[in-house]
Amino acid sequence: MAKKELKKVVLVVSKGNLDEAYPPLMIATGAATMGAEVHMFFTFYGINILKKKGGADSLKLSPVGNPAMPKPDFSPFQIPNIISALPGMTDIATWMMKRKIKQTGIMSIPELLKSAQEMGVKFWACTPTMKLMGIEEEDLIPTSGCIGVAGFLDMAADADVTLFI
Amino acid sequence: MAKKELKKVVLVVSKGNLDEAYPPLMIATGAATMGAEVHMFFTFYGINILKKKGGADSLKLSPVGNPAMPKPDFSPFQIPNIISALPGMTDIATWMMKRKIKQTGIMSIPELLKSAQEMGVKFWACTPTMKLMGIEEEDLIPTSGCIGVAGFLDMAADADVTLFI
Amino acid sequence: MAKKELKKVVLVVSKGNLDEAYPPLMIATGAATMGAEVHMFFTFYGINILKKKGGADSLKLSPVGNPAMPKPDFSPFQIPNIISALPGMTDIATWMMKRKIKQTGIMSIPELLKSAQEMGVKFWACTPTMKLMGIEEEDLIPTSGCIGVAGFLDMAADADVTLFI
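Chains as they are written, first to last, in the numbering used here: chain A, 1 to 165; chain B, 1001 to 1165; chain C, 2001 to 2165.
There are no misleading hints in this set.
Label pairs and their in silico Cβ distance ranges:
1) A:E118 with C:K2114: 37 to 47 Å
2) A:G134 with B:T1033: 24 to 34 Å
3) B:L1086 with C:P2072: 11 to 21 Å
Derived by calculation from the structure, the hints in this document are not laboratory data. Ideal Cβ placement from N, Cα and C applies to all residues, glycine included.
Please construct the entire structure, taking both the sequences and the accompanying hints into account.
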């Protein structure tokens, strides 16, 4: 049997921290490069990524409650949560991560978003989330529309790969 | 080719915070409304949602380590983690989220659970999780049974959409 | 129609905390037992699990920001985040969880990894993650290779179940 071709990918983007925004965008652009039809459904905290103000370029990294995060270069040990929880530490961790990403030559989140849209990846905003968070369509960057769970499931029904991220 | 119909959806519910319980229950009820057969496999922290005592009506929201969470209405800025970590802040964040949900007209988690079961969504409890957490079947609301990973994979084998949430 | 057999499972392992390493490994070994071809793609924090030093046997549990975590046996109430954030509390929570897992007769993460490889489960390391975190192939336990997003999507295209964990 011939290898099956990747035709359609649907991604639920439910998280909005800086590190959590990378996997869906890297999978989306990768799938688009392979010629697949790609849909991203931005829901819950994920909708932050689409916001014009305080959106893709303002995502933060949480240094608290994630012992799997690599320790910073300047420190000989993992930073205790009580220190990471101090005011400003979220910004420091975010700045360090962004610098590391830039040094590695990986695209920023706004660049990945732009690249995804240029490749034809479709962005969909989740209507109940917008209602819950008081977000209007004009607060978001241009999308293919606002849909609910039924709209997402309809797209997923015939997808080759559907992931909740 | 005619559009494929959504016939079967399988959801792994692995998380048990208040905000994390919404996505699987909204997808489950949405899929059931579309006529699909829906199975929810409650595992790890997700099993909390099925508990009679300290279950669906006692889920909490963590205000710590989630910079993507919208800032509270009364505050001009995001609350630093060191403040959010103080005793009682988890309860305050939970209360604020529940109020917001109610104001928006979204169902509570116990209401969504009841609604899902009335629509025929099947609930399955994860046996190894119950063993690990010392939970007995009588500690849980009525389910379709307790199964292990093999039982879940068997259901997922012919599902149109399987999500790990 | 005869029940469909589970032939191929692809798992994205994106998280590297102790509790988060269990679900993918339990699903992988379960699927392998059922005779399926199983691939695990270790990406982002998940790559920690494959590290020789500070890897599978050093994963930690975060006691902060997870109100769904069961309260410790010795305490009559959930530990407030401000206490859980103190230095050493991550190690205490990790130690307590490991003891509980052992008492329940559940395998440790290194045991599950070994068992998965003996059953023929394929491990793949994510190339961009290695670049970002400065990890070389010799820092990792033996894998089937280092691949990017395209390699993962190629495997997922004809899988029966693909999960992002």
